[in-house]
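Taken in sequence, the protein lines are chains A and B.
Taking this note's numbering, the leading residue of the first sequence gets 134, the next gets one more, and so forth.
Taking this note's numbering, the leading residue of the second sequence gets 151, the next gets one more, and so forth.
All the pointers check out, no bait thrown in.
Looking from chain A toward chain B, a few residues come up when the C-beta cut is under 10 angstroms (computed): (1) Val222; (2) Gln287; (3) Arg289; (4) Asp316; (5) Asp320; (6) Gln322; (7) Val328; (8) Arg350; (9) Asn351.
Rather than coming from a laboratory, the hints here were simulated on the basis of the structure.
Predicted model only: the values in this text are computed from it and were never measured.
Backbone N, C-alpha and C fix where the C-beta goes; we use that ideal spot for every residue, glycine too.
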Amino acid sequence: MRILLVEDDPTVRAFVLKGLREAGHVVDEADNGKDGLFLAVSENYDVVILDRMLPGGIDGLRILETLRGQKNATPVLLLSALADVDERVAGLKAGGDDYMTKPFAFSELLARVEALGRRGRPESAPQTRLVVGDLEMDLLSRTVKRGGEKIDLQPREFRLLEFLIRHAGQVVTRTMLLERVWDYHFDPQTNVIDVHVSRLRQKVDKPFDKPMIHTIRNAGYILRAD
Amino acid sequence: MLLRKVRCFGPLLKRRLRWPIRSAGLNFALAYGLVFVISAGAFLSFIWWNTTGQLDHQVEVAVQVDALDLSHRWAQGGPSALSLAIQDRLDQNVDDDELYLLVGPDGRKFAGNLPGWPVVITRTDEFYELAIKRDGFRTNAKMHAYPLTQGFRMIVGRDVRGRQLVRHVLTDTLIWAWIMVSLLAAGGALAIRRIFRQVVRSIARTTAAVAQGDLSQRIPLTGNETDLVGQTVNTMLERINRLMDGVKQVSNAIAHDLRTPIARARARLEDANRTATSAEELHAAIDRAVMDLDRVTSIFEALLRIAQLEAGARRAAFTVLDMRPLLEGLSELYEASVEDAGLQLDFRAGAVQPVNGDPHLLQQAVANLLDNAIKFAPPGTTITLSVGMEGERLAITVADQGPGMSEDDLSRASERFFRAETARNTPGAGLGLSLVQAVMSLHGGSLELKAGQPGLFATLLLPVVPAVSRKG
Chain A
134 MRILLVEDDP TVRAFVLKGL REAGHVVDEA DNGKDGLFLA VSENYDVVIL
184 DRMLPGGIDG LRILETLRGQ KNATPVLLLS ALADVDERVA GLKAGGDDYM
234 TKPFAFSELL ARVEALGRRG RPESAPQTRL VVGDLEMDLL SRTVKRGGEK
284 IDLQPREFRL LEFLIRHAGQ VVTRTMLLER VWDYHFDPQT NVIDVHVSRL
334 RQKVDKPFDK PMIHTIRNAG YILRAD
Chain B
151 MLLRKVRCFG PLLKRRLRWP IRSAGLNFAL AYGLVFVISA GAFLSFIWWN
201 TTGQLDHQVE VAVQVDALDL SHRWAQGGPS ALSLAIQDRL DQNVDDDELY
251 LLVGPDGRKF AGNLPGWPVV ITRTDEFYEL AIKRDGFRTN AKMHAYPLTQ
301 GFRMIVGRDV RGRQLVRHVL TDTLIWAWIM VSLLAAGGAL AIRRIFRQVV
351 RSIARTTAAV AQGDLSQRIP LTGNETDLVG QTVNTMLERI NRLMDGVKQV
401 SNAIAHDLRT PIARARARLE DANRTATSAE ELHAAIDRAV MDLDRVTSIF
451 EALLRIAQLE AGARRAAFTV LDMRPLLEGL SELYEASVED AGLQLDFRAG
501 AVQPVNGDPH LLQQAVANLL DNAIKFAPPG TTITLSVGME GERLAITVAD
551 QGPGMSEDDL SRASERFFRA ETARNTPGAG LGLSLVQAVM SLHGGSLELK
601 AGQPGLFATL LLPVVPAVSR KG
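Same shape as in the complex, but just chain A:
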């Protein structure tokens, strides 16, 4: 993916840049709002990562508003040290697609960026069938089969699996699952998500010889065909 990173803190910028490049992405960088806005407007990116507070008079929110004002729908992930929920709402209202507060784990950032990049490529027709390897999901009849064998899932488990399948091959974090599958925006102290994933595994992986849902240490989960 082509990614633009606009971040003024050199340490954070270098850290994110290195990580994204290692993950195989092409990354352009800018350390101020002016250059960031210029690049964002003139080049074509799959995802833009914007710091909210930037030097030089143009902050992240201004860049975002300018982009959206020009009907540019490039997915934007906002980074901010402002953890306030109202700040988050302001960022999303301005047209941001995702919001992360500093400090963050790189794995979380990578997972979210990759999820956004996929969202940026619109599918030609609304899908009714999702297939990963020998796992099939029919969105109309709401049934799941693996290797031709039917798997019974609870509604919530179905949605959890649907999310994993839609992001197959990508790492999804626990926070992403909590936000997207349950629509909760708080930080549970207990391992609620892990338990739900492990229940799903019981049904999707346990009866078969090859597991598809993998745990990525310090990051989250990934669903893979191989």
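Given chain A, work out where chain B should sit, using these hints.
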């Protein structure tokens, strides 16, 4: 022209009008003296006016009675009888204050003690008050002229020296009273100034000491009116003291609770840097250090959130909510982990009325209670999440059958960083219930903790939306 003039004199006037005396005590004394002089003046004027009026009236009546009597004599016996009568009266007049004069048509004096007809007396229908000379000294007299038959004329009057005397006495009184009052006012001013100064000094001393950092100082109360100020300042100091204590306590706790994971992370990294022999070891140490730092971040976030909630600035997301589906969702989310911990989750929902609140915050609050219950409940027991009405309020209760808390701990449970002794070995920072408490305060509700038999009952009480405003 005139307007312009007035305008250019304006500032001058203003400057001149500004009162030059700054001392409150002196001003008070001046006002005090002025008021006293005005009131004494008014009082004495009233006495003067009343007394002289009375005297005047008496004189007039006496003169008129006298004149009537004398006219009878005239009618009976003519000039000779009247002269005799006048002489008679003058002889009998011990006070020597009666004045008479009888003159013939040619102006010749027939009888009386006035030297001659005063030129100013021309009319016979009114009283005259004049200064006259009598027996060699000047005096004031009130006189009335009466016409008689055959061209004779008569004056009857009274010497009003007495009234002069009264006036002198009253004027003297006024002057002396004014002097006394001025002295008293000056003395009073000095006394009041002293009292003012004393009070202000006492307050100033205390506040100066407080400004220097000694928060234990209080203004001594003396029992007079200034105690109101003293008490207010003392109350303010109490509050500042309590807030300072709170801040001190929290910052100590922050220092401890943040220092510990930071120190741990530092130690791990340093140790790994010195002793790690393989890349795996190094990675493991770094991972653990990152986890410690994440813990620091989450404590920070929780603290900031609590502070934000306590500032009461987060009502933007408030909406009318049905708590039942919200709790059902949470119960569904938590059911899996409750069962995973070998427990059972029992969700009981009664009929409820909607509340006005922030759904995310309320979810967070209930989630914190559920997290606690899972943390402390022994395996095999049941956690009950129930919702229903308790009077006019909505009650959400999370009950567990864990070890519960002692009475002492219950009262301190929602303090920041408070952890009961029994909870020392479980993970957590002691901020969960503080956050719940803060969320409840923001919603105008309360958190109640009760010891169960066994276990802990944590109840959130929320005010419901009144039926009237729901319809509207």
